[in-house]
Amino acid sequence: MKNENLYKYILGIADNSLILGQRLGELTGHGPSLETDIACTNISLDLFGQVRSYYQYAAKIAGDNRTEDDIAMLRKEREYVNVLLVEQPNTNFAYTIARQFLFDVYHFLFLTQLEKSKDLTLSAIATKSLKEVSYHQRFSTDWLKRLGDGTAESKEKMQEAIDGLWTYTDELFHQTEADKAMVSEGVGVDVTKLKEAYYEKVEAVLKEATLTVPESKWFQKGGKQGIHTEHLGYLLSDLQYMQRTYPNMEW
Amino acid sequence: MSEEQVKNLEEQFEARIARDEKIEPKDWMPEKYRKTHIRQMSQHAHSEIVGMLPEGNWITRAPSLRRKVALLAKVQDEAGHGLYLYSATETLGISREEMYEQLHTGKAKYSSIFNYPTITWADMGAIGWLVDGAAIINQVPLCNTSYGPYARAMIRVCKEESFHQRQGYEIMIKLANGTPEQKEMAQDALNRWWWPSLMMLGPTDAESIHTAQSMKWKLKRKSNDDLRQQFIDQTVPQAELIGLTIPDPDLKWNEERQSYDFGEIDWDEFWQVVKGHGPMNKERMKARVNAWENGAWVRDAAMAHAEKKQDRKEKKAV
Amino acid sequence: MSTKNWPLWEVFVRSKNGLEHRHCGSLHAADEEMALENARDVYTRRSEGVSIWVVESKHITASNPENNGEMFEPAQDKVYRHPTFYDLPDEVKHM
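Residue numbers (my numbering), protein chains in the order written: chain A, 1 to 251; chain B, 252 to 569; chain C, 570 to 664.
Only chain A is shown next, with the shape it has when bound in the complex (with noise of 0.2 Å):
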């Protein structure tokens, strides 16, 4: 492939989305109330209208058939590189809330940063998803203040989320050789500058929902380079399956 690195970088950014369109997708019709049960499907809409964007230009710089729906759904386990955040499951409410919280505030840098990009139809995905990323940042931002600043038994359950997942943040600023490259041609954003602004970010609304930030200092990694944790693999099951049973039909 002549534009490797940047096909790869795509799939960096895509596959986040994916999967953690795919595990809000697993909550319709089992939320607390009708209301958020809609909310989570407009943010699950939401991710995949991106997703498709970028494998739909990935496919083209591939340059050979595959379509989307190929790259969404025929790599190999290890060919994932999300970061391990977004593939973790929908413990409770509390979990899914942190998740979209922590991916959120990253989510957003990120997309403020890639709308700068020389790259024009990254750029452009970039500023159609910001409008809608703010928004799910505020959702979740939301939601984590009154689970944190509500019950006595919320706040227990945030803070357990919080806690479990905070060791999954660290790897969103790691960098891969992809990045490297696409950053050095001006593609693509150094997520290490991103650290800082991110932390701040989190650890002030933390504060405000009466959360504690969390001191732990070890970090899981791994998924950028498609070693990820043991849920992805039945997330994938479910997402492949079709395609998998049925290979080459259309749909």
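What the hints contain is simulated information worked out from the structure, not anything from laboratory work. Among the clues, some could well be false.
Claimed, not checked - Taking lysine to aspartate or glutamate pairs in the EDC-like style, the calculated list, with each CA pair at most 20 Å apart, reads:
{"id": "1", "chain 1": "B", "residue 1": "K560", "chain 2": "A", "residue 2": "D149"}
{"id": "2", "chain 1": "A", "residue 1": "K128", "chain 2": "C", "residue 2": "E635"}
{"id": "3", "chain 1": "A", "residue 1": "K131", "chain 2": "C", "residue 2": "E617"}
{"id": "4", "chain 1": "B", "residue 1": "K537", "chain 2": "B", "residue 2": "E352"}
{"id": "5", "chain 1": "B", "residue 1": "K469", "chain 2": "B", "residue 2": "E255"}
{"id": "6", "chain 1": "B", "residue 1": "K473", "chain 2": "B", "residue 2": "D271"}
{"id": "7", "chain 1": "B", "residue 1": "K258", "chain 2": "C", "residue 2": "E635"}
{"id": "8", "chain 1": "B", "residue 1": "K410", "chain 2": "C", "residue 2": "E617"}
Stated by the list, open to error - In silico negatives: residues of chain B with every beta carbon more than 10 Å from chain C:
{"id": "9", "residue": "S315"}
{"id": "10", "residue": "Y367"}
{"id": "11", "residue": "C409"}
{"id": "12", "residue": "P431"}
{"id": "13", "residue": "E565"}
In this text the structure is predicted, and so the values were computed from the model without any measurement. Backbone N, C-alpha and C fix where the C-beta goes; we use that ideal spot for every residue, glycine too.
Assemble chains B and C onto chain A, guided by the hints.
Same frame as chain A, now just chains B and C:
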């Protein structure tokens, strides 16, 4: 109020409906009107949200991204429609929580069709095409029903649902034009969903209670049997067009009636499912009850937070 | 079990600038921010709006249909409030 006064009011009330006037929440209405509407509207709302489950079952497994977003949007619409209908029902003096309670304890019914399992992807096609098709036939006349909030909710619902049936039929077309395996999957889904879809339009007129009253209040414009005939007449050509066979050996065009004759419906199966013994009744209810109970702490937290915020605001104002 | 249920809110949506906000339905929410967000997610999924108002239903004061006679009928015979009450010579086409 004396008996005579009530009778007088009732006559005026019926006359208003006969003149096609709408009844609004604060208007006087006979107790029976209120109760019948609470029953039918909440049942309708319950059907929307229980109806999310069989289709929700395939969201994570949709075969392409395009299908996935369409299905997500459709199931989400059903949540929206449930919400519109619950809200409209609340104008009659019952809360959403009370309605949930009735659903969860089995006191309230919902459309029995959702007690069948969705076991292949083609079921998403069959549900959209047949179940939504039958629902539309039921729902369009309700846009003109006598109770204002119900009619307005239905107008919104019908407008939004216009893509649902197409979404399902398009899935079926793709399968019917696909590989032999795909075509078989489509035919199998049609075989399983055809009869339950016919049943969905309600028991035969001979066995249907409430019909005369419902007609008068415009909760119903046509009898169940007429609706069923309409559904069959419109659906058979759609099946033929994509090369699928309706699983009814007695199905035959009747030149004289300009309609299809069709075979006997298994009403025993219908009543069995209505009474709670369908393949998925228990699972569906369990899913709803779990969602509600697991969400209790979330809803409580949101209320507690809102109160704290309000307190802080008031303290600041002092 | 929930102790207190989310209250009911009425939602008004302006479909585009230049038009008034119109009542489009109701929903449940714990506070005003949530009501606004829920309204956005529930009632503007198909680009139905550019502006939303939400108001908790209990804050709406409504007239009672029982008083419709005294409230609204007295206006019915005030035909002089309408332009058609006044005679104009045919030659004056627009006024």
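These are the hints, each one checked on the structure:
no. : hint               : result
1   : K560/B with D149/A : holds, 10 Å
2   : K128/A with E635/C : violated, 52 Å
3   : K131/A with E617/C : holds, 17 Å
4   : K537/B with E352/B : holds, 13 Å
5   : K469/B with E255/B : violated, 25 Å
6   : K473/B with D271/B : holds, 17 Å
7   : K258/B with E635/C : holds, 17 Å
8   : K410/B with E617/C : holds, 12 Å
9   : S315               : holds, 22 Å
10  : Y367               : holds, 28 Å
11  : C409               : holds, 14 Å
12  : P431               : holds, 38 Å
13  : E565               : holds, 14 Å
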